[in-house]
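Starting from the structure of chain U, add chain S where the hints point.
The listed protein sequences derive, respectively, from chains U and S. Residue numbers for the first sequence, in the working numbering: 1 to 565. Residue numbers for the second sequence, in the working numbering: 1 to 158.
Since the hints were derived computationally from the structure, they do not count as laboratory data. Treat each hint with caution, since some may be false.
If you only want the chain S side, here are some residues facing chain U, beta carbon under 8 Å, derived [stated by the list, open to error]:
id : residue
1  : K67
2  : K71
3  : V75
SDA-like, lysine to any residue: derived pairs with alpha carbons at most 25 Å apart [stated by the list, open to error]:
id : chain 1 : residue 1 : chain 2 : residue 2
4  : U       : K142      : S       : C107
5  : S       : K71       : U       : D303
6  : S       : K71       : U       : G414
Each residue gets a CB set at the ideal place from its N, CA and C atoms; glycine is no exception.
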Amino acid sequence: MQISGAQMVIEALIAEGVDTVFGYPGGAIMNVYDAIYKQDKFRHILTRHEQAAVHAAEGYAKVSAKVGVAMITSGPGFTNAVTGLADAYMDSIPLVVISGQVPMSLIGTDAFQEIDAVGISRSCTKHNYLVTDAADLPRILKEAFYIARSGRPGPVHVDIPKDVTAQIAEYNYDIKLDLETYKPHTKGNPRQIKKAIQAIANSKRPVFYLGGGIINSNAADEVRELVHKTGIPAVETFMARGTLVHDDALLIGMLGMHGSYAANMAMSETDMVIALGARFDDRVTGKLSEFAKNATVIHVDIDPASISKLVNANFPIVGDIKNVVNDMLAQSSVIDAQNYEQWRETIINFNELHPLTYYEDSERLKPQWVIERVGELLGDDANISTDVGQHQMWTAQFYPFSRPRQFISSGGLGTMGFGFPAAIGVKAAAPEKTSINFTGDGSILMNCQELMTAVEKKLPVINIILNNNFLGMVRQWQTLFYDKRHSETDLSVQPNFVKLAEAFGGIGYRVTTKEEFDAALQDAIKKDVVAFIEVKVERFENVMPMVPSGGSLFNMMLLEKKESK
Amino acid sequence: MNDNNARRVVSVIVVNEASVLSRITDLFSGRGYNITSLTVAPIPESKYSRLTIVTSGSVRVIEQITKQLHKLIPVLRVYEHEDMVEKEMALIKFPISENLSDINTICEAYNGKIVNVGENVVIAMVSDEPKRIDNFLCAVKRYNPKEIVRSGAVALER
Numbered sequence: 001m002q003i004s005g006a007q008m009v010i011e012a013l014i015a016e017g018v019d020t021v022f023g024y025p026g027g028a029i030m031n032v033y034d035a036i037y038k039q040d041k042f043r044h045i046l047t048r049h050e051q052a053a054v055h056a057a058e059g060y061a062k063v064s065a066k067v068g069v070a071m072i073t074s075g076p077g078f079t080n081a082v083t084g085l086a087d088a089y090m091d092s093i094p095l096v097v098i099s100g101q102v103p104m105s106l107i108g109t110d111a112f113q114e115i116d117a118v119g120i121s122r123s124c125t126k127h128n129y130l131v132t133d134a135a136d137l138p139r140i141l142k143e144a145f146y147i148a149r150s151g152r153p154g155p156v157h158v159d160i161p162k163d164v165t166a167q168i169a170e171y172n173y174d175i176k177l178d179l180e181t182y183k184p185h186t187k188g189n190p191r192q193i194k195k196a197i198q199a200i201a202n203s204k205r206p207v208f209y210l211g212g213g214i215i216n217s218n219a220a221d222e223v224r225e226l227v228h229k230t231g232i233p234a235v236e237t238f239m240a241r242g243t244l245v246h247d248d249a250l251l252i253g254m255l256g257m258h259g260s261y262a263a264n265m266a267m268s269e270t271d272m273v274i275a276l277g278a279r280f281d282d283r284v285t286g287k288l289s290e291f292a293k294n295a296t297v298i299h300v301d302i303d304p305a306s307i308s309k310l311v312n313a314n315f316p317i318v319g320d321i322k323n324v325v326n327d328m329l330a331q332s333s334v335i336d337a338q339n340y341e342q343w344r345e346t347i348i349n350f351n352e353l354h355p356l357t358y359y360e361d362s363e364r365l366k367p368q369w370v371i372e373r374v375g376e377l378l379g380d381d382a383n384i385s386t387d388v389g390q391h392q393m394w395t396a397q398f399y400p401f402s403r404p405r406q407f408i409s410s411g412g413l414g415t416m417g418f419g420f421p422a423a424i425g426v427k428a429a430a431p432e433k434t435s436i437n438f439t440g441d442g443s444i445l446m447n448c449q450e451l452m453t454a455v456e457k458k459l460p461v462i463n464i465i466l467n468n469n470f471l472g473m474v475r476q477w478q479t480l481f482y483d484k485r486h487s488e489t490d491l492s493v494q495p496n497f498v499k500l501a502e503a504f505g506g507i508g509y510r511v512t513t514k515e516e517f518d519a520a521l522q523d524a525i526k527k528d529v530v531a532f533i534e535v536k537v538e539r540f541e542n543v544m545p546m547v548p549s550g551g552s553l554f555n556m557m558l559l560e561k562k563e564s565k
Numbered sequence: 001m002n003d004n005n006a007r008r009v010v011s012v013i014v015v016n017e018a019s020v021l022s023r024i025t026d027l028f029s030g031r032g033y034n035i036t037s038l039t040v041a042p043i044p045e046s047k048y049s050r051l052t053i054v055t056s057g058s059v060r061v062i063e064q065i066t067k068q069l070h071k072l073i074p075v076l077r078v079y080e081h082e083d084m085v086e087k088e089m090a091l092i093k094f095p096i097s098e099n100l101s102d103i104n105t106i107c108e109a110y111n112g113k114i115v116n117v118g119e120n121v122v123i124a125m126v127s128d129e130p131k132r133i134d135n136f137l138c139a140v141k142r143y144n145p146k147e148i149v150r151s152g153a154v155a156l157e158r
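Chain U on its own, in the form it takes in the complex (with noise of 0.2 Å):
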């Protein structure tokens, strides 16, 4: 079939199963949105900046496990969503992002919206292309999604000069890939397996450390199942939340820089660390020397590079989660969950000694109970996304989450803005749940042009605001360390929220006690629109525990007891 390399796009995404594009058309990718313009197959969902399109596409990817595509124009169009990228990449995202890109002919003469995209891009995306013939198209584009979706995932990015989508050549999407250098690893080592199997079995004090990947795997339910035969508890990363259902007894809870005591004093103590698909991320570990001193590690990842990267592995485990884990269920009955009995005991004394929690001792409202107000509300019928602050972790700490893929949020790259252009893509692809961006006063500003995309495209998201009229994160580690001085971060000036979402169409609430809140977020899942629920809470609230930047995962800032929660 000889066609143009515009309609070469439209036909392999919708070989590929594509229903949904997010993106923002210009001068360079004209082409394809005149191809587009003429099909019916997908729909495109316009967002109001390239960084939103390029989120959106994370969110649908996120809750659909499927492959999110955006696309872009060149020049600022690219270079607006190569934070979407940078994004995508750190959490493993997989993405197929387009851009335009200025004729072959004017490639390299500094011409009007040219940008050396692919440069650029080169290190933030697993993989990346410059397309100079129409005939590579298919073959590229087929190698794209399928080097975004295999082994560890991530965005790969497409950039497609002007002149090659006007090009015609010859079409067939139905090409074997030939990727002699890229052979993603997918089943561990067996003898391996029952090394690690063997440790397990003689450990006294295991846990599971559980990450992203087993989310990206699917193996949830292999994991969960692993978990309760074999009786050892486990913590789970800010990126695995929602493996176990929040109040399964083995789960201690998250551990990291904000995990809870228990979490972070389990990993302290335990003699064998048994990582599926986690990275060993600074925010996990605190200092390096002091992480889990005394256990073997068992790490199971399908990236032999975030293996041994941070903490050396004693039994490395090259593969799919989801196929490790198999095997592991397969022998695990030489684990004995009786021999953990006195551990499981010891986590749950750390639990009682200090549990995740706060206290309503102010006058405002305190963040941690909206987040657990929704929780009690919406529970399991909403995704939740977040934005990056205070407000995430709250978010990460509080809310009951019971499943994969019902939490999103930016995590590697702590991308603030990211919230509710991804909730937008959450609910595209998920139109039966409510879909939650808990936000910032900060954050929100970042990406607030999209209610006109959640206008138009009717996606009724709802943004909670946690208002504190600050920039709490950083306005916390200023009053922690750097002697209250809290330079540029109160946020006293704002717009008027309520306003703001009425401009664009939307609906808006300011909410200052329980009761207005649970009316407000009633009256918002009730009217279906796209809304901004902002409600004013304690100013000076800090996310505890805290292990401070660089120190021992067991020395944490604790919440200062008190009576009453």
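What follows is chain S alone, placed relative to chain U:
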């Protein structure tokens, strides 16, 4: 081999395609690794090229470099050399007024000779282990070399 900043030689087989060299060098610069020398040429009758990279670092750093190189999509194979034959070439320009027979004799000791004679200068070529090239360059200092170019190393595992 366990000292912290030991010299290491890594060979990388990559698909011979546009921007593949940038992928490799970006990986080094982006992660703060250092490249001492780099040699690239296509492998005959194949779609691959072979890079020989001389770098330095601890065992752990080298392990990371190797894994990260492997992670790049167009990389087929990475060799972290331990027992290798390693050679480097150098071209040196001397004034024709220097003692040419001395120069030629020294070059011979380093697998080389005078390879070009011009009106005012001669060009000598040597090829040997990098360490020996260092020694050679030291030895010929007295003949006032006007220009020196080194090739970077190539290596094959024994």
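Status of each hint after checking the structure:
1. Interface restraint check for K67(S): the shortest CB-CB distance to chain U comes to about 4 Å, inside 8 Å, so the restraint holds.
2. For K71(S), the shortest C-beta to C-beta distance to chain U is roughly 5 Å, which falls under 8 Å, so the interface hint holds.
3. The criterion of a C-beta within 8 Å of any C-beta in chain U is met by V75(S), whose closest approach is roughly 6 Å, and the hint holds.
4. Distance check on the hinted pair: K142(U) and C107(S) sit about 55 Å apart at the alpha-carbon level, beyond 25 Å; violated.
5. Proposed proximity of K71(S) and D303(U) is supported: the alpha carbons are some 8 Å apart, at most 25 Å.
6. A hinted pair counts as satisfied when its Cα atoms are at most 25 Å apart, and K71(S) with G414(U) qualifies at roughly 24 Å.
When each numbered hint is compared with the structure, a violation occurs for hint 4 only.
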